[in-house]
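Sequence order for the protein chains is A and B.
When we follow this note's numbering, the leftmost residue of the first sequence carries the number 1, and every step to the right adds one.
When we follow this note's numbering, the leftmost residue of the second sequence carries the number 1, and every step to the right adds one.
Check each hint, because a few of them may be wrong.
List time: in silico DMTMM-like cross-link candidates among lysine to aspartate or glutamate, alpha-carbon distance up to 25 Å [said to hold, decoys possible]:
#: 1; chain 1: B; residue 1: Lys-8; chain 2: B; residue 2: Asp-27
#: 2; chain 1: A; residue 1: Lys-80; chain 2: B; residue 2: Asp-201
#: 3; chain 1: B; residue 1: Lys-4; chain 2: A; residue 2: Glu-85
Here are the in silico distance ranges between beta carbons for each label pair [said to hold, decoys possible]:
#: 4; chain 1: B; residue 1: Ala-108; chain 2: A; residue 2: Thr-70; range: 53 to 61 Å
#: 5; chain 1: B; residue 1: Gly-44; chain 2: A; residue 2: Pro-42; range: 22 to 30 Å
#: 6; chain 1: A; residue 1: Gly-24; chain 2: B; residue 2: Ser-206; range: 56 to 64 Å
#: 7; chain 1: A; residue 1: Gly-61; chain 2: B; residue 2: Ala-160; range: 33 to 41 Å
#: 8; chain 1: B; residue 1: Lys-130; chain 2: A; residue 2: Asp-74; range: 47 to 55 Å
#: 9; chain 1: B; residue 1: Pro-197; chain 2: A; residue 2: Arg-11; range: 20 to 28 Å
#: 10; chain 1: B; residue 1: Ser-170; chain 2: A; residue 2: Lys-22; range: 50 to 58 Å
Computed from the model, here is a short list of chain B residues facing chain A with C-beta under 8 Å [as the list claims (entries may be wrong)]:
#: 11; residue: Arg-31
#: 12; residue: Leu-43
#: 13; residue: Gly-44
#: 14; residue: Ala-48
#: 15; residue: Arg-171
Source of the hints: derived by calculation from the structure; they are not laboratory data.
Source: prediction; values computed, not measured.
For glycine and all other residues, C-beta sits at the position ideal for the given N, C-alpha and C.
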Amino acid sequence: MEASAYIDEARDPLIIAEGWVKDGREVALATVVETWGSAPRPVGSHLVIDGEGNFQGSVSGGCVEGAVVTEAIDVIGTGKARMLEFGVADETAWRVGLSCGGRIRVYVERLG
Amino acid sequence: MDTKILEKLNAERRARRAAIVVTDMGDGGARLIRQGDAVEGELGEAVAKALRTGKSGLVEIDGRTLFLNAHLPNPRLVVIGAVHISQALGPMAKIAGYPVEIIDPRTAFATPDRFPEIVLHAEWPEDVLKRQPLDAYTALAAVTHDPKVDDMPLKAALDAGCFYVGALGSRKTHAKRVERLLAMGVTAEQIESIHSPIGIDIGAASPAEIAVAVLAEVVRAYRSRGLEAKGAAA
């Protein structure tokens, strides 16, 4: 792997995911695909998760990552992608809602 | 997403080339589209727009919901000349989200004391640019007004399609520079794209004010890039 002067390789979720796959780990990729109102991370942001729940990157300001990681481990198990939605209007808002008042949709898929 | 796609995407990102990952939200199928790849129809238009604006998002095409994730290289600014203006421009541009590198072979100017926490190359521009070529996501501002130092990187920036090329100097200085660049094989169209006098017109007088004017011009060029050549990227 050739190091790039232009990407922060130690923190870049997509570079990390590639490394994890090469190490033989099972990896899920979570992507913010839609946002409404004030959302902490823009559309296209990634969180990568391995089978043991290690994660890098972000899809929010830390508000919903825990829930996404749990779902991602399921996705790694089943291989079936799923769409998650978080927001204050969500019934689970008291648990994993976004305090900023926005709403986001996160697509979670298995790599490979 | 297929691991092969991820590897190819990361290769493009490391090389500072734009790419789009298109994922079908229905079946999860993904494909990688590189800048310059020919894409037909509605998807082609959506891809061209994403490459131009850098905005990712969902699109509906032929009854399918597709997610286009635009991966564009971060913009950066290369300044030729470790002069007083650059001392202000370096930190300002960095704060604005445009990482800066300053190149000046004159070692009396290019000292870490004068440029704390800025990437500084006390070398000839041709040597630095050989290692780190310019590209479409790079802005170049030449502020030494010394032909020996400025001319080569100006031509390199025009040839690389830098989104911004600016050159410091009075109209008289610039007229002479135009003659030299034409003699180097630069086209009249390329000459037209050089921002000179440098910086937007805010009546800037001090070196720091000129830096503000230059940075504003760089931001404007970045945010409006490709608008005149709509669809050319597809």
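For each hint, the structure was consulted:
1. The straight-line distance between the Cα atoms of B/Lys-8 and B/Asp-27 is roughly 21 Å, inside the 25 Å bound, and the hint therefore holds.
2. Distance restraint check for A/Lys-80 and B/Asp-201: the Cα-Cα separation of roughly 56 Å exceeds the 25 Å cut-off, and the hinted pair is therefore not satisfied.
3. Of the supplied pair hints, the one linking B/Lys-4 and A/Glu-85 is violated, its CA atoms being roughly 28 Å apart against a limit of 25 Å.
4. Evaluation of the 53 to 61 Å hint for B/Ala-108 and A/Thr-70 yields a pass: the beta carbon distance comes to about 60 Å.
5. Between B/Gly-44 and A/Pro-42, the C-beta spacing of about 24 Å keeps the proposed range 22 to 30 Å intact.
6. With their beta carbons about 59 Å apart, A/Gly-24 and B/Ser-206 fall inside the hinted range of 56 to 64 Å.
7. Our hint of 33 to 41 Å for A/Gly-61 and B/Ala-160 holds, since their Cβ atoms are close to 37 Å apart.
8. Under the hint 47 to 55 Å, the C-beta atoms of B/Lys-130 and A/Asp-74, about 50 Å apart, fit the expected range.
9. With their beta carbons about 40 Å apart, B/Pro-197 and A/Arg-11 fall outside the hinted range of 20 to 28 Å.
10. Checked against the hint of 50 to 58 Å, the pair B/Ser-170 and A/Lys-22 passes, with Cβ atoms roughly 56 Å apart.
11. The beta carbon of B/Arg-31 is not positioned within 8 Å of any beta carbon in chain A (closest approach about 14 Å), and the interface hint is therefore violated.
12. Nearest Cβ of chain A to the Cβ of B/Leu-43: about 17 Å, over the 8 Å cut. The hint is violated.
13. Using the Cβ-Cβ criterion of 8 Å, the hint placing B/Gly-44 at the interface with chain A is not satisfied: the shortest such distance is roughly 20 Å.
14. Violation of the interface hint for B/Ala-48 is found here, the shortest Cβ-Cβ separation to chain A being roughly 17 Å, above the 8 Å cut-off.
15. Interface hint at B/Arg-171: violated, since its Cβ lies 36 Å from the closest Cβ of chain A, which is beyond the 8 Å cut-off.
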